[in-house]
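Peer 1: In case you want the letters, here they are:
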Amino acid sequence: MMTQGIEQIPDSLGYLMLNEDGAVIASGGQLENGEKIANKLMHLIRIAIKMPTSDERASSFKKITVMWKTFMYVITFSNHRVFICKRQTNSPEPIAV
Amino acid sequence: MMEKSIEKLMDEIMTNPGVNGVVCTDAQGLVVAAQGVGRKSTGGQMTGVLDLARDLHPDVKDEPIVCIESDAGSLLLKSCDGITIGIHKTNS
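The listed protein sequences correspond, in order, to chains A and B.
So the first sequence is numbered by our numbering: it starts at 1 and just counts up by one.
So the second sequence is numbered by our numbering: it starts at 1 and just counts up by one.
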């Protein structure tokens, strides 16, 4: 299955590729066979994409990020597919002086 | 009194570079205060998205931050102590 390089993203903990209906096309890592999380994420995406981000009406959608302290979900769309990547949050190390 | 301090806080947020709107809602999604682009925001959607985000990992204690980005701008959402704040930013 072509996943278009989503499995090669640095700091990735897992990935999901869904079709427009929310069915899992490909998955891996912590999100392998993650049908339950895919359903929850699709529910969130359907509401989030309708939200206005600016006063311009014709602003095309690009990306949704759901962030916690240690990890995040990065969601984007391409070619009628939903790409979801679970990534580790990289907190920069304090500089030793 | 509370409204006054929220308004003051929102004025402060609006002075940050790139910020063109702020909206603040209560736990039910009712808009408490809004400024700039935030006046067009729907509070219910904001709290709804954050509730769903929290539901992804109910075991994680810290509150999630949701960022919705488009070509024209981005919207950052976070809730704290039952109050949800949405910040609209331009992409400049």
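Simulated from the structure, these hints should not be mistaken for laboratory data.
Keep in mind that this is a model prediction, so the values were computed, not measured.
Treat the hints with care, since some could be wrong.
[As the list claims (entries may be wrong)] Straight line, CA to CA, 30 Å or less: simulated BS3-like cross-link-like pairs of lysine-lysine:
hint: 1; chain 1: B; residue 1: LYS8; chain 2: B; residue 2: LYS78
hint: 2; chain 1: B; residue 1: LYS4; chain 2: A; residue 2: LYS63
hint: 3; chain 1: A; residue 1: LYS50; chain 2: B; residue 2: LYS89
hint: 4; chain 1: B; residue 1: LYS61; chain 2: B; residue 2: LYS89
hint: 5; chain 1: A; residue 1: LYS62; chain 2: B; residue 2: LYS4
hint: 6; chain 1: A; residue 1: LYS40; chain 2: B; residue 2: LYS89
hint: 7; chain 1: A; residue 1: LYS62; chain 2: B; residue 2: LYS89
hint: 8; chain 1: A; residue 1: LYS50; chain 2: A; residue 2: LYS40
hint: 9; chain 1: A; residue 1: LYS50; chain 2: A; residue 2: LYS69
hint: 10; chain 1: A; residue 1: LYS63; chain 2: A; residue 2: LYS40
Peer 1: Hint by hint, say whether it matches the structure.
Peer 2: The hints, checked one at a time:
1. B/LYS8 - B/LYS78: Holds: B/LYS8 and B/LYS78 sit about 18 Å apart, inside 30 Å.
2. B/LYS4 - A/LYS63: Since the Cα atoms of B/LYS4 and A/LYS63 sit roughly 34 Å apart, the hinted pair is violated (cutoff 30 Å).
3. A/LYS50 - B/LYS89: holds (17 Å)
4. B/LYS61 - B/LYS89: holds (27 Å)
5. A/LYS62 - B/LYS4: violated (36 Å)
6. A/LYS40 - B/LYS89: It holds: about 27 Å lies between the C-alpha atoms, which stays within 30 Å.
7. A/LYS62 - B/LYS89: holds (14 Å)
8. A/LYS50 - A/LYS40: holds (17 Å)
9. A/LYS50 - A/LYS69: holds (26 Å)
10. A/LYS63 - A/LYS40: Cα-Cα ~17 Å, so holds.
Of the numbered hints given earlier, the model fails hints 2 and 5; all others are met.
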